[in-house]
Structure formats: C-alpha cells, structure tokens
Amino acid sequence: MSAAASSSAPPAPAADPEAEPEGFGASDLLMDSVNKMEWKNIEAALSYQKKTVAEMLRRACSQIRTKGEMQLDDSNGKFLGDMLAEMDDFASWCYKTHIRPKLAALPLDLPEEAAAEGKKGKKGGGGKGGGKKGGGGGKGGGGGGVNTKTQIKIDNVMRIMNGEAAKSNTLKKVQVGDRAVGWLEALEPGKNLVLDAPWELQLAKEMGTAAGQLAKKKSDGDKDSEEARYKTVRNLADAVVIFETQYKMRYGVEELPPLQILADARHVLAALKVKVKFTVHKCLRKHPALLSSSQFKARHASKFLQPYPSQVQLFKAVARPGPQLVLLRSPPDTGKTSLAPALPELFPEHRVVFCCLARRVNLEVAQTLYNMGIPFAWVHNQQITCSWLCGLRGSSTSNSMAQMEEKLRLGVERIQETTGGLSNQRARKRHVQVIRPPRMFVTDVASCSWLSMQMDPHKTVLIIDEPTMGADQGGGQALGPGTLTHAMVSGMLDAPYKTVWMSATLPAAAYLQTPIGYFKERIEIISIERFNIVEDADGVAELVSMQLNVGVLLVKANGQVALPHSMVAEAEEPAQALADFVGRLKVEPLLLKVEPLLLKAYTAQAIVSMQARADLTSRAGATRRACKAARAEEDVAAHAQRAGFTVTAVDDHFSDLSKLSHSTLRHYASYMLQTLCECGDAALIKAFCTPSTNMQKAIFPPYSTEQLLLGNAHHFPGMTLTVSAQPHKQIMALIAEMPSLKKLNKDLEAEEAAAEKVMSNIRKEAEKVKGGEDRVEEIIAAKLRDMGLSESSGLLKIPEDCVVNSKAHLKKFAPQMVNQFDGAFYRSVPSTGDFKKVDSLPVDDTWRSLLLSGVAAHMPLEPSLNPKGDIAYTNYVADQMEKGALAVCGVTKDFTYGANVPCTSVLVDRDFIANHSANTLRQFVGRVARTGLAPFGVAQFEDDSFLPKMCGVKDEQEALCMEATAKAILAARLAEEEATD
Numbered sequence: 001m002s003a004a005a006s007s008s009a010p011p012a013p014a015a016d017p018e019a020e021p022e023g024f025g026a027s028d029l030l031m032d033s034v035n036k037m038e039w040k041n042i043e044a045a046l047s048y049q050k051k052t053v054a055e056m057l058r059r060a061c062s063q064i065r066t067k068g069e070m071q072l073d074d075s076n077g078k079f080l081g082d083m084l085a086e087m088d089d090f091a092s093w094c095y096k097t098h099i100r101p102k103l104a105a106l107p108l109d110l111p112e113e114a115a116a117e118g119k120k121g122k123k124g125g126g127g128k129g130g131g132k133k134g135g136g137g138g139k140g141g142g143g144g145g146v147n148t149k150t151q152i153k154i155d156n157v158m159r160i161m162n163g164e165a166a167k168s169n170t171l172k173k174v175q176v177g178d179r180a181v182g183w184l185e186a187l188e189p190g191k192n193l194v195l196d197a198p199w200e201l202q203l204a205k206e207m208g209t210a211a212g213q214l215a216k217k218k219s220d221g222d223k224d225s226e227e228a229r230y231k232t233v234r235n236l237a238d239a240v241v242i243f244e245t246q247y248k249m250r251y252g253v254e255e256l257p258p259l260q261i262l263a264d265a266r267h268v269l270a271a272l273k274v275k276v277k278f279t280v281h282k283c284l285r286k287h288p289a290l291l292s293s294s295q296f297k298a299r300h301a302s303k304f305l306q307p308y309p310s311q312v313q314l315f316k317a318v319a320r321p322g323p324q325l326v327l328l329r330s331p332p333d334t335g336k337t338s339l340a341p342a343l344p345e346l347f348p349e350h351r352v353v354f355c356c357l358a359r360r361v362n363l364e365v366a367q368t369l370y371n372m373g374i375p376f377a378w379v380h381n382q383q384i385t386c387s388w389l390c391g392l393r394g395s396s397t398s399n400s401m402a403q404m405e406e407k408l409r410l411g412v413e414r415i416q417e418t419t420g421g422l423s424n425q426r427a428r429k430r431h432v433q434v435i436r437p438p439r440m441f442v443t444d445v446a447s448c449s450w451l452s453m454q455m456d457p458h459k460t461v462l463i464i465d466e467p468t469m470g471a472d473q474g475g476g477q478a479l480g481p482g483t484l485t486h487a488m489v490s491g492m493l494d495a496p497y498k499t500v501w502m503s504a505t506l507p508a509a510a511y512l513q514t515p516i517g518y519f520k521e522r523i524e525i526i527s528i529e530r531f532n533i534v535e536d537a538d539g540v541a542e543l544v545s546m547q548l549n550v551g552v553l554l555v556k557a558n559g560q561v562a563l564p565h566s567m568v569a570e571a572e573e574p575a576q577a578l579a580d581f582v583g584r585l586k587v588e589p590l591l592l593k594v595e596p597l598l599l600k601a602y603t604a605q606a607i608v609s610m611q612a613r614a615d616l617t618s619r620a621g622a623t624r625r626a627c628k629a630a631r632a633e634e635d636v637a638a639h640a641q642r643a644g645f646t647v648t649a650v651d652d653h654f655s656d657l658s659k660l661s662h663s664t665l666r667h668y669a670s671y672m673l674q675t676l677c678e679c680g681d682a683a684l685i686k687a688f689c690t691p692s693t694n695m696q697k698a699i700f701p702p703y704s705t706e707q708l709l710l711g712n713a714h715h716f717p718g719m720t721l722t723v724s725a726q727p728h729k730q731i732m733a734l735i736a737e738m739p740s741l742k743k744l745n746k747d748l749e750a751e752e753a754a755a756e757k758v759m760s761n762i763r764k765e766a767e768k769v770k771g772g773e774d775r776v777e778e779i780i781a782a783k784l785r786d787m788g789l790s791e792s793s794g795l796l797k798i799p800e801d802c803v804v805n806s807k808a809h810l811k812k813f814a815p816q817m818v819n820q821f822d823g824a825f826y827r828s829v830p831s832t833g834d835f836k837k838v839d840s841l842p843v844d845d846t847w848r849s850l851l852l853s854g855v856a857a858h859m860p861l862e863p864s865l866n867p868k869g870d871i872a873y874t875n876y877v878a879d880q881m882e883k884g885a886l887a888v889c890g891v892t893k894d895f896t897y898g899a900n901v902p903c904t905s906v907l908v909d910r911d912f913i914a915n916h917s918a919n920t921l922r923q924f925v926g927r928v929a930r931t932g933l934a935p936f937g938v939a940q941f942e943d944d945s946f947l948p949k950m951c952g953v954k955d956e957q958e959a960l961c962m963e964a965t966a967k968a969i970l971a972a973r974l975a976e977e978e979a980t981d
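Count the sequence shown with the UniProt record's numbering and you get residues 1 to 981, in order.
Be careful, since some hints might not be right.
Pair ranges (Cβ atoms, derived) [to be verified]:
id, residue 1, residue 2, range
1, R320, T664, 33 to 39 angstroms
2, A733, T832, 29 to 35 angstroms
3, Q477, A569, 32 to 38 angstroms
4, E978, S47, 25 to 31 angstroms
It should be emphasised that the hints constitute simulated quantities derived from the structure, not laboratory data. This structure is a prediction, so every number in the text was calculated from the model and none was measured. No residue lacks a Cβ here, since even glycine has one placed at the ideal position from N, Cα and C.
The whole structure should be built from the sequences, with the hints applied where relevant.
Following this line, the structure appears as structure tokens:
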C-alpha cells in the first residue's frame, strides 16, 4: 500500500461533519465504485459538441504523432481561390465582376472601387478580369490569355454560383434539381445561402442582409427591438472578423493584403452602425451577451473549431523523446480536462492514467473514453474494475495490476481454446468475445500512487488534474497521512517518465522544487541508460496559457461592479501601487509570472463602470455642472482637469466595430490604466480608483439570498450556482421566502382532490354507456380529449408563477422588466413529460416541486436526496444542469473544480469567502461563462473582502502546503528505508 493509505497512519482527529476541514467531502478521498446508474451514464451518447471536440483533439494528437504539426483541412471552409487554383486572380476577379455588381443592385452605398489591389496571387487576386462565353474567362495579372481547360472550369464554377448544374450542357431536357437558389441569388435579403459556400460569399451574404435594414424607412426603424437591430450589426462585424481570421490561417499570413471585399464590408458596417443608432457604450451596458455570440458565429461554429494553443503545446511537449514533466497553468474553460481522453492516440503503446478528485470529472472522462471506443478501467479504493469495452465478463474487478493482467490472459486463452467447432460460423462470429486490455485508467486520488508503482514507468503516462485541491486547508503547513493533499502529493512523487500536472491555479515550478527535484533524480538514470539522452536530462516544461474567453463580472455586496484596480485607492502610495498593478496585467508569458485571471475581470460592464469615471475626465472643458452626482465624481473631474488627463472614449476607440471583442476590451482597460499610470498624479489616481458613492449607478441589486428567487431573479438570467457545505439546507432557506411555495402542499392537495373528483365522474359516465363495458378506458380517454384534459392531470403540479424567470414569474415579481428581459433566457412551464419524470424521482414532493420551479441541489452523497444509493435525482439534476434548464442550483465545494455546465452567474456567501483560499474562489468563479455554453458571467459576493483576497498579491499557500507535504513524505520514506536497513 502507498503512504497515502498506510494502515499505520494515526487516525485523523474527529471533526464536525459540516465543517469539512479539507474543503471537500472526506468520502471523496476514496472514490466509490461505479454503480449501475453511473455505468448507464458512462455508456450514454455524448452531446454533439463534446463528441466533436473529442474527435478534433484525437485527430490533432494523430497528426502531431505522425507529422509533428497540426494540419488544416476542408473542414475549416474554403475560399474562391481554392475552387480554381490555376488562376491566381480568380477570387478578386469573381468578386469584382459578379458578386460586387449583385450587391450594388441592392440598397447598398458601396465605396468606389480601388484602382488596383496589388499583386496577391491566388489568395486575393489582383489582376483585371476578362469575360468570355458563359460569364467566365479572365486575364491574369500578366495579361496572358486563359487556356481552354481553365475556361471550362471557370464556366462550371459560374454555373454553380448561378444555381445551375456544373455540366448542364450535357443535359438535353430540364430535370428535377437542375436549377436551385444559386450563391449569387442567395445574397438578396430573405434568402438562404448554403453553409459550404466560400467565405467571400458568406461575407457578402451578411452585407446583403444588412441592405434590408438599411432600406427601412425612418418610420419603420423602430418596429424592431433595439436588441434585434444590434444583433444585425454584430452579425456583420463577426463576419468580417471570421473572414480575416480564416484568411490568415488558410494562407499563413500575419498581415492581410488590401482586399476590396473587406473595404466594402467595413463601409457597409459603418453605415449600418449609423442607421440603427448603435453605440458601443449602450451595447456593453445593456447587451453584453452580443459580444460572445451571433447568428453568424453559430452557423459556422464547426468551421473554426480548432484546439487551443495551450492544448497543442502540451501535446508537443509531452511527446518529446525521453522523460517529460509538463506543468500546464491555463485559465478555466481552456479545455484542460478534455485533453486526457486524446492522449491514448498520442501514445498508442503506453498506458495512460488520469487522476482527479472530482468524481464528476472522472465520470465525464470515462464517458468520453467509452464513446470513443477506448477500453478503460475504473480504479477505486485500490481496486481495478475493467469496463465493458475490455471484453471481460463476470468478475472484472481486480486487487492488483498483476491479477488484472492474469484475468486478461486467461480470457484470451479461453477464447482461443473455444475457437472453431461450430458449423454456423456467421452466428459464432456475431457473438465473438474480444479481450482488450485497458489503455487508460481513471483513478481516485488515494489509488494514484498505488497504481503508478505497479506500472512500467517507461510505458506509462500520468495526468493529474487539479493537484492543488484541498491544499488550501493546510495553511502552508504539511498535511499528514490520510489527508487529501498527502495522497495527491504521493501520486505526484511516484510519477512515471511522462507526467502532466495541470490546473488553472497550479503553482509555478519555482514553488514546487521538492516534487520536481525528486522527478529529476528519478529520471536522470532513465534518460542516460534507457534513452541515451544526456543534454536534456532536465525534462521539465512549464506552460502558461493566456487564452481568455468570456470574462466574469465581479460584483460587490452593494451591487456595484468590483474593479481589481480599486485596491490602489487604499495604498499609501497610489501611484506606485497602480504601476505595480499595471505591471501584473502585462502579457509576458515568457516570464511565467502572468496573471490572466486579473484581466478576465475586465468585462463589458466593467468597462462601462470605468468609462463612467473616465467620461468625466475626458472632457477637459466640461463644466462642474455635469459632475454634481456625487462628491467623488467632482473630485475626479477636478483632478483630471488640473492634471490634463484625457482618455479616448470607448465609442471613439472602437469606431471600427469589427475590432470590438472581449480581448480588445481587456486591452482597452489596460490602456486606460496605463494612461492613468503615466499621468503620475497621486490625487487623481486615488480619486479615479476610489469606487463611486452614487448607488444609482449600481448595475446589480444588493446581495440578497432571500430575493434570489423573487424580485432579484431577473438580474441573474440563465443558471445561478450557490455553494455551501450543505446545499440542500441552503436551498430550503431560499424557498422560505417564496410566497407561492409556502402554500404549495395545500394547493397540491386541493388540486389533486378536484382532479380525482373529475376523473371519478368521467369514469361513472363511461361505465353507463351501453355496450361500452369492454372499452371503458378508451371512452375515458376520448372524454378527456374532448374536455382538454390529460391523464397526467393528477400528477405533481406547481403554480406557473413559481417557475423562476418565466413570464408569469416576472409579471408577479418584476413587472417592469417583462419587456426588457432577454427572451432567450425565459424559462418555459414544465411539459407533461417533465411532470412524469420528476414525479417518479425518489425524493419528497418539496424537492420535486422545486425541480419544476427550476431549483435543485447537486449532492451525490446526501442520503435524503439519494435514498439507499438511488442517484436518480442527482442524475436528473446533472442532466438539467448540462442543458441549462435550472434557474438556481446549490452545489458542494468539490463542484468548484472541473464542472463544465452552462452557468451564467454564481453567488458566494461570506462563509465560503472566509474559509477558502483565493485559488478556490478563482476556481469557483471559473464555473461561469464557459465557451459555447454561456454568453456572459457574473459573480456576486456577500463580503467585499473577496477583492483583496482574489486580486491581491498571490499568497501561494497551496504551493507551500504541497512543498512541505512532499518534504515530509520523502523524509518518512528515508526514515523507513534506514530502519529497514
């Protein structure tokens, strides 16, 4: 047994079960065996998005293993130049001759055509186009003629663009399918363009769609909502950005050549911006979700799906010859966990071990492996259970690797002995048993070291996900045997020659000298003797990713936006403090000291709060009459005017809307703070960084769990997570304030009695029908249909206004927001199928009613919600969370790591802030705004002490605890060896 599970370890002191001294459930240390319900979940089909990502990463691993680099293919879309490679200027000629005249016929005021675009080759064209029969033809930049073979290809392409068959001249009569909506015709507003059309046509289509908006009269312009008009602008802006991105990736250029289509698109975008009265400030304040997604992005999402740079870097780093220890520190939502199921493709001759404390993460990895057809084993409490894909029938659980391999060997021999002997070979082949050894092992923390020590270190790859879990409870001191950190560090020390540690809060290598040094000592002999590598015996790579997607807005308890730089106002020397803070925001990944999570706090609405302060300072000649909202605002304006400080307004900075994105907004925030820092005026810096005292500018309501399901619910659309040691008690405290649910039981009883009375009367009438004795149920069903009733009328029901953030709910608790609430986040009333599913769950009526309201608790280990091991309720809650069908869900602390659900907001109470480290807070905040799942993220805190804790200088207490624990483990092992000798 490993040191983590040694029986000689002293018993841990008794503790209050609700206190959770390690921050996670003690039973999570030894992961339970997978029960039947969980095996069914593992064998369930993956969602389309998860399956696409898994196949993409496996393809990337295959390409890196065989070719050393990622390869682009047709799945990324095509350009016009790809359709006729023989003609260098075909794309430019085709746009100028055919596409642009089609757009000019629409109500679009295109700019004058450029005289020449310069020589760009087949990527963008550049020569003049000529015309011959069939609308084809053209002359290259050198003026030479087009040969007959090329002319035929041009004619065929033009027929496709016009909606005709490519070889229509061979058809003698019109047939079905000869004529369709061509690419050129589809450019008109109201018509659809096929998704596989070249990118030039896709961008031109968005310009054609904008023509419909530009053609509207002034009296008709207000019929569409402001959000709908803004969406049109974002569609065209995203089309421009994606065209540029795909062009650079397709042709391998860093700078775009001058293209006429981009000049036209930006001209139309500017005109559309004026027409719909689009302002960046209003978009950021009222419609921040538009920055994350648009209809154009949604239609073409599969075309620009590529691995993150950090994922490719990790694949390349761990695939280097010889021993490798890779430390990956990457922000949440950058695909770290999804790397694991792809590694068997990168190392087909190795065994891969995946270790993570979070059971939910282990189950997701196992599900991905099953759907990819990779045989795997589930390791729990030092027992190995082979999955069904391994082919073992019956006793598939082993107590050691040797026993598992013996069972696999006997299984193969048994199959060989029974081969043949039957006349019906087809039937025998259909039921043949195939034995396959597991290629990947999904293990709990306590079994990680035990499992690694039994494997060949030269043929094993170990991945430890979130190794810092639980180390925040050590206070920087070593934790003894039986603790989570002790088991985790033991697995890190017994790592094989290919090892990956990855986490968003992984300490830098400089703070983990003991486990890294021990790894170097162990691999030094391996490097020299087995791989003959002397110069690269270090074998340690530290990767830091700056990949940031959708940001998370931090909100204080009073409802104001929490800006990390506001801490500067409390410093003794604000100017120096701001300079230090700006230095932390600089993107310098080579220094390995970047803090990307700081930048992630500067979201759209955070920029609005900063601009509200900067607007007063950007007008040097403004009168003090504009600054009478509060005394603090007057001080900012006065100091700014005295110091001559000005910043570019956000609308001026983003005059080209195609440049507006989450990334550029973070750069704008850095620009504002850098400009303020260069000013050097301490009084101005202190006034600017001091939070506003004008509470009317607060975007959110004050922190209130009592109003979360009532009047404040519309401020948190989508799904909100609340964290607690006892989420079910927290949820029950929330619903205590919900008036409709207080009388729920009485209403249910009255409704059930009325429904039963109606059914009794209908049955009596059906039994009186002459000759209907044999078809009573059929008559009852017919009468129910005639009366507009259903057989489920007796099932569990709730009042419609209890469905959180439904229309009825908003009309009751926030009637002023009914017309302003984003329609995409309206929750519909549960269907009959939902009633039937919820009614069958093994929990009491209160929890079932809460589920129908959109409120639940995710607690896999709570007996009252999972009676006698029946986890049907937990599975249903998990399924609803993945669909984003819940409004509020209470979760435990272990949910802060690795969960990937469409969550838009989190609420963090005072106890969680006080009892957990800054890294744990960052991990929990990282559950929101996941890429492709939620368009924005909000995190509100009950106590303002979170800001210096999360955004202050890192204390590295997890690293100190892990380092001290590693030293204690090695010292104990040395003492044991000396005692044995």
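Status of each hint after checking the structure:
1. For the pair R320 and T664, the beta carbons lie near 35 angstroms from each other, so the given range of 33 to 39 angstroms is met.
2. At about 31 angstroms, the CB distance of A733 to T832 agrees with the hint of 29 to 35 angstroms.
3. Remark: the range hint 32 to 38 angstroms for Q477 to A569 is upheld by a beta-carbon distance near 34 angstroms.
4. Distance hint for E978 and S47: a CB-CB separation of about 55 angstroms, inconsistent with the stated range 25 to 31 angstroms.
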